[in-house]
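Undergrad: Sequence:
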Amino acid sequence: MDQFLAASLRQRRGLLNPLISRRQEWRPMLVERLKRCDPDGDDWGPGALIQLLLEDRDDLSEAFLSSHPGGWLRAPSGQGIDHGPLQQELMEQNFEAADRLTSEVLRRLAGSEAVRRGYVYYSEVEPISGTDLVSLDRLWTVYSRARFGFSVQARLLRALDGRWERLWPRLGWKQDGVWTRYPSAFTWTLEAPEGHMPLINQLRGVRLMDALLAHPALRERAEG
-17 MDQFLAASLR QRRGLLNPLI SRRQEWRPML VERLKRCDPD GDDWGPGALI
33 QLLLEDRDDL SEAFLSSHPG GWLRAPSGQG IDHGPLQQEL MEQNFEAADR
83 LTSEVLRRLA GSEAVRRGYV YYSEVEPISG TDLVSLDRLW TVYSRARFGF
133 SVQARLLRAL DGRWERLWPR LGWKQDGVWT RYPSAFTWTL EAPEGHMPLI
183 NQLRGVRLMD ALLAHPALRE RAEG
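In the working numbering, the protein residues as written are -17 to 206.
Please note: incorrect hints may appear among the correct ones.
Here are the in silico distance ranges between beta carbons for each label pair [claimed, not checked]:
1) Gly60 with Pro0: 37 to 43 angstroms
2) Glu14 with Pro51: 46 to 52 angstroms
3) Arg4 with Arg189: 44 to 50 angstroms
4) Gly100 with Ala(-12): 20 to 26 angstroms
5) Ser94 with Pro0: 48 to 54 angstroms
What the hints contain is simulated information worked out from the structure, not anything from laboratory work. In this text, a Cβ means the ideal position worked out from N, Cα and C, and glycines have one as well.
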């Protein structure tokens, strides 16, 4: 477990399967080991270990959930949002529920009109608290082995020279010119394509996603 947490990204990927196969050995030690990890950071190692711990519903997992009712990662809000429910879904790998909850949170962050109409206008993105957008991104990153999140999507777009038509297939949102059917055809597991989640409603046009990924708080994370 210590070797996994101290490893480089490439080494860590290679250590995952041995760690999974020996999880009954390290699960009793995880709570104590997490005290040496940073709940204000965005290292996905602790998130992966927490998810593996919770895959077995027993006294160890129940004790962890009881001691961290709002989740292990600290996810502050600048607009009074409780990000605990989202963290709970991500910790337990309920990615479809987490995706829906993320959309709900974005509407609440955008304001009462966005909540009323059921979606966010691109013009409502800029005033959203950067603290909350960073918290959302960190939650998705930490609990996806750095595969999902807004900053991941932004980096992919930049690697594709800003060509949105190439991004959609890369995310698994469009195949052979046809939009992926939501939610039945999406892959709600860690095996999904990189950047597959969270879904930003691109069917309303690219401007919403462009505004979100260009938000100063997220742009800084993507470029960091």
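Undergrad: Could you work out which earlier hints the structure fails to respect and list their numbers in ascending sequence?
TA: 2, 4
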